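All chains should be modelled from the sequences, with the hints used to inform the complete structure.
There are 2 protein chains.
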Amino acid sequence: MKKRSSCPAACALDLAGDKWTLLVVRDLLRGRNTYGALADSPEGIPTNILADRLRRMEKSGLIEAKPYQRRPVRYAYSLTEKGRGLLEVLRAVSLWGHRYIPGTNAMPEFLKNDKGLSNPA
Amino acid sequence: MKKRSSCPAACALDLAGDKWTLLVVRDLLRGRNTYGALADSPEGIPTNILADRLRRMEKSGLIEAKPYQRRPVRYAYSLTEKGRGLLEVLRAVSLWGHRYIPGTNAMPEFLKNDKGLSNPA
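Heads up: the protein sequence lines correspond to chains Y and H, in order. Be aware that the first sequence starts at 36, since it is given in the numbering used here, and climbs by one per residue. Be aware that the second sequence starts at 36, since it is given in the numbering used here, and climbs by one per residue.
Because the hints were derived from the structure by calculation, they are not lab data. Source: prediction; values computed, not measured. Treat the hints with care, since some could be wrong.
Since the list gives no way to pick one copy over another, a pair counts as held whenever it fits inside one copy or between any two copies.
[What the hints assert, rightly or not] List of simulated lysine-lysine pairs, DSS-like, C-alpha gap at most 30 Å:
# : residue 1 : residue 2
1 : K54       : K117
2 : K37       : K101
3 : K37       : K117
4 : K94       : K54
5 : K147      : K37
6 : K54       : K38
7 : K117      : K94
8 : K117      : K147
9 : K94       : K37
Below is the structure:
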């Protein structure tokens, strides 16, 4: 992908700056690693968007897909180290959301406790 | 705006989860506070998108617009406390970008030094 500029934020937002990618990261961090489990998030991600985001995230090295079943083939998704690095972004986003948007929950425990840089499962 | 869920990250991403909003925050933090100065960013934000984002950001309480000239009217934009709180998100995004995307710059000084919670200019 052509870089918009040499700004690290601009380039990072090209990979993860949308309404859904970080929520997929959130769900992978809490152990939802199949298409069905990811589609089942409370935000109701449209399945065409989920499929698109998984494809993009794999292409940009945020996740890996491994088949866990043949006929029909099904994939299990896991975060790479690069994808797992987005934990810190997700934490900052959650803290901000809870602080400034009334009615949102506090940062969930699995975000607080996760070390972020251990090996992906 | 109807909330997608009570997840603080999901709600935050509804306000700031796109390719451009955090770059407008970045540019406001470094003192670019007019439409012309914001349009002049190296990423080349399309002017219709800039106008749309400024409108949304004002509506969701991230920025304030004050006229500094009449005939034709021109506005100066500044971050509210809520908008300025996104500094921490921008920092996390910049750190991640620099770490994982080859060829991007280190986090710029104005992001490192800014306290983030002082009063908006």
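Results of checking the hints against the structure:
{"no.": "1", "hint": "K54 x K117", "in the structure": "both (19 Å within a copy, 19 Å between copies)"}
{"no.": "2", "hint": "K37 x K101", "in the structure": "within (28 Å within a copy, 36 Å between copies)"}
{"no.": "3", "hint": "K37 x K117", "in the structure": "within (19 Å within a copy, 32 Å between copies)"}
{"no.": "4", "hint": "K94 x K54", "in the structure": "both (18 Å within a copy, 18 Å between copies)"}
{"no.": "5", "hint": "K147 x K37", "in the structure": "between (34 Å within a copy, 27 Å between copies)"}
{"no.": "6", "hint": "K54 x K38", "in the structure": "both (20 Å within a copy, 13 Å between copies)"}
{"no.": "7", "hint": "K117 x K94", "in the structure": "within (12 Å within a copy, 34 Å between copies)"}
{"no.": "8", "hint": "K117 x K147", "in the structure": "both (19 Å within a copy, 22 Å between copies)"}
{"no.": "9", "hint": "K94 x K37", "in the structure": "within (14 Å within a copy, 32 Å between copies)"}
Comparing the model with each numbered hint stated earlier shows that all of them hold.
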